[in-house]
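**Student:** For what it's worth, this note's numbering labels the leading residue of the sequence shown as 1, then goes sequentially.
Honestly, I wouldn't trust all of these hints.
Said to hold, decoys possible - So the derived label-pair ranges between C-beta atoms look like this:
1) Asp-397 with Asp-223: 21 to 27 Å
2) Pro-133 with Pro-181: 32 to 38 Å
3) Asp-397 with Leu-228: 22 to 28 Å
4) Gln-240 with Glu-208: 27 to 33 Å
5) Gly-304 with Lys-120: 44 to 50 Å
6) Pro-133 with Gly-247: 46 to 52 Å
7) Glu-331 with Arg-158: 51 to 57 Å
8) Arg-157 with Cys-293: 57 to 63 Å
Because the hints were derived from the structure by calculation, they are not lab data.
Beta carbons: idealized from backbone N, C-alpha and C, even for Gly.
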Amino acid sequence: MKTYGVVLGGGVGARLGLSVPKQMVKVAGKTILEHTVGILNDSPEIDEVIVMIAPGWAERVATVLGERYKKLSLILEGGATRNETTRRVLDVLGDTECKVILHDAVRPLVDERIILECAKALDSYGAVDVVIPSADTIVTVDDDDFITSIPNRSRLRRGQTPQAFRLSVLRSAYDKAIEDPYFYASDDCGVVLKYRPDVKIKCVLGSEHNIKVTYAVDLFIADKLFQLASQDALEKSAKQLAEEMGGKTIVIFGGSYGIGAEIARVAREIGMNVVAHGRSTTGVHVQDEAAICQSLAEAEAEHGRIDAVVLTAGVLRMGQLAEADEATVMESVTVNYIAPVNVARAAYQYLKKTAGHLLFFTSSSYTRGRENYALYSSSKAAVVNLTQALSEEWAPDNIHVNVINPERTRTPMRTQAFGDEPVDSLLPAETVAKASLSILASESTGLVIDVRREQFETDAN
1 MKTYGVVLGG
11 GVGARLGLSV
21 PKQMVKVAGK
31 TILEHTVGIL
41 NDSPEIDEVI
51 VMIAPGWAER
61 VATVLGERYK
71 KLSLILEGGA
81 TRNETTRRVL
91 DVLGDTECKV
101 ILHDAVRPLV
111 DERIILECAK
121 ALDSYGAVDV
131 VIPSADTIVT
141 VDDDDFITSI
151 PNRSRLRRGQ
161 TPQAFRLSVL
171 RSAYDKAIED
181 PYFYASDDCG
191 VVLKYRPDVK
201 IKCVLGSEHN
211 IKVTYAVDLF
221 IADKLFQLAS
231 QDALEKSAKQ
241 LAEEMGGKTI
251 VIFGGSYGIG
261 AEIARVAREI
271 GMNVVAHGRS
281 TTGVHVQDEA
291 AICQSLAEAE
301 AEHGRIDAVV
311 LTAGVLRMGQ
321 LAEADEATVM
331 ESVTVNYIAP
341 VNVARAAYQY
351 LKKTAGHLLF
361 FTSSSYTRGR
371 ENYALYSSSK
381 AAVVNLTQAL
391 SEEWAPDNIH
401 VNVINPERTR
411 TPMRTQAFGD
421 EPVDSLLPAE
431 TVAKASLSIL
441 ASESTGLVID
451 VRREQFETDA
461 N
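Could you build the full structure based on these sequences and the hints that come with them?
**Tutor:** Next up, the structure:
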C-alpha cells in the first residue's frame, strides 16, 4: 500500500507576530518547512510527499524547496481551516486505498521512529494518533474561569502529529462531516472519532522534542533542540569518518598547533587531503586576506576541489578594555573576527562548487561578556552571529556553516593565558578535532555545537 506524507502548512504565524507564515521562518540554517519536508522525504516509510501551504505562498515555497526533495510531488494551497486543507488533500489523492500520514509543517523535530510506528500501525488500524503523557495537571473550567473538574491525569494525553489514516477511513469521515451543518473539529482524528465511531484510533507514543512552533519562545526552544540533535553527529567512529570524508580536501587556518593541528592529524589518518596553514609553519597569517585567497587557490589547484575550510586561529588577551593599547585591540578584533569574515569571503567560491562546509570556533563566553574578556567575548559572539547569518545566505548553494563551542580545551593558547591546570579538568584537543570532523561529515548547518568533556567520558564508559 502506497504511503503519502502530507505536510500541513496552512498557518500564517499570527501568534508569532510575523508577516510571513511561521513555517517559512528560519531556524538552524533552514526554514522550518525545509526541515519538516526533509524528514518526510528521507523516511523509508514515505513514498511520496505533498506540501499544503498558506494561500498565496505556493510559488515562494516551490522556489525555497527547489529540486532537492525527490519524493516531493505536489505543492498546493490549503484552505481557510485545517479541515478545509485536509479536504483538499483528499481531493487530490484519488480513490486507490493508501496510507496518509498528515504532519504539521511547524513540527520540524519529528523523528523517524514516530513515522515508522505510525506507518506500521496502519497495517492493523484505520486511524493513528501521536500522543505523549501530560506532565501537567489539566483542569476544566466554566465560562467564568472557575474550575469545574480535574480529570485523572493518568488517562490524559497531549496530542501531536503525525496523524495517520487509511484513505478510505478519512474520506468516509469527511463525507459524513460535510452533511453536518454544525461540523467542527480541531484535528483529523477528531473528525474520525465523531463521524466514524466504529473505527478505533490507535495511539503511538510521540516525543517531548516533537514540539510545535507556535509562539516566539518556541523558536528559541527549537533552535536549542536542533543543537542537541546535532550531538548525535559527534559520535562517528574513525571508520565512519574515513568512509564519508576519505579523499576529500580540507583546508585549515590555524593548523600549526592546538585544535587546528589535531584536526589536521586526524584528517590525514582518515584519508583526507589536508592543507594546514599557520603562522609558525607556513607563515600564513589569518589577518592577511591576500594570503588566505592565495592559499585556497593553491589548494584547489593541487587537489582539484575544496570540501571543507576550517578556521581555528584565535588570540586571548585578558584585561580591562580601558587599559588596552591600540595594538592589543586591533590584534584581538582582527584575528578573532575580521579573519573569519575574510576566510568566509574567500572560501565561498570553492565551497559553492562542492556543497562544502565552513567551520568556525567560538567560546562559551559568547553567551555573556565577562570582566577582563570584553574583546574576546564580544568577538566570539560576533562569530556565532556570522555563522548563523551565512548559513542562511549560503543555504541556496547548499554550503554548510557551523561553529564549534568547545569546553575548556588543552591548547597552547590556554596554557599561555592560564598556566598549568589539572589535566583531567580540560578537554583533549584530539576530542575536539574528532567532533569537528564529525560535524563536517554531517548535513548540519547554522548550529552552535557544544563539545563537552562529560559527554565523551559517558560515551567512553
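**Student:** The structure should be examined with respect to each hint, and the outcome stated for every one.
**Tutor:** Checked hints:
no., hint, result
1, Asp-397 with Asp-223: 21 to 27 Å, "22 Å, holds"
2, Pro-133 with Pro-181: 32 to 38 Å, "36 Å, holds"
3, Asp-397 with Leu-228: 22 to 28 Å, "27 Å, holds"
4, Gln-240 with Glu-208: 27 to 33 Å, "28 Å, holds"
5, Gly-304 with Lys-120: 44 to 50 Å, "46 Å, holds"
6, Pro-133 with Gly-247: 46 to 52 Å, "48 Å, holds"
7, Glu-331 with Arg-158: 51 to 57 Å, "53 Å, holds"
8, Arg-157 with Cys-293: 57 to 63 Å, "58 Å, holds"
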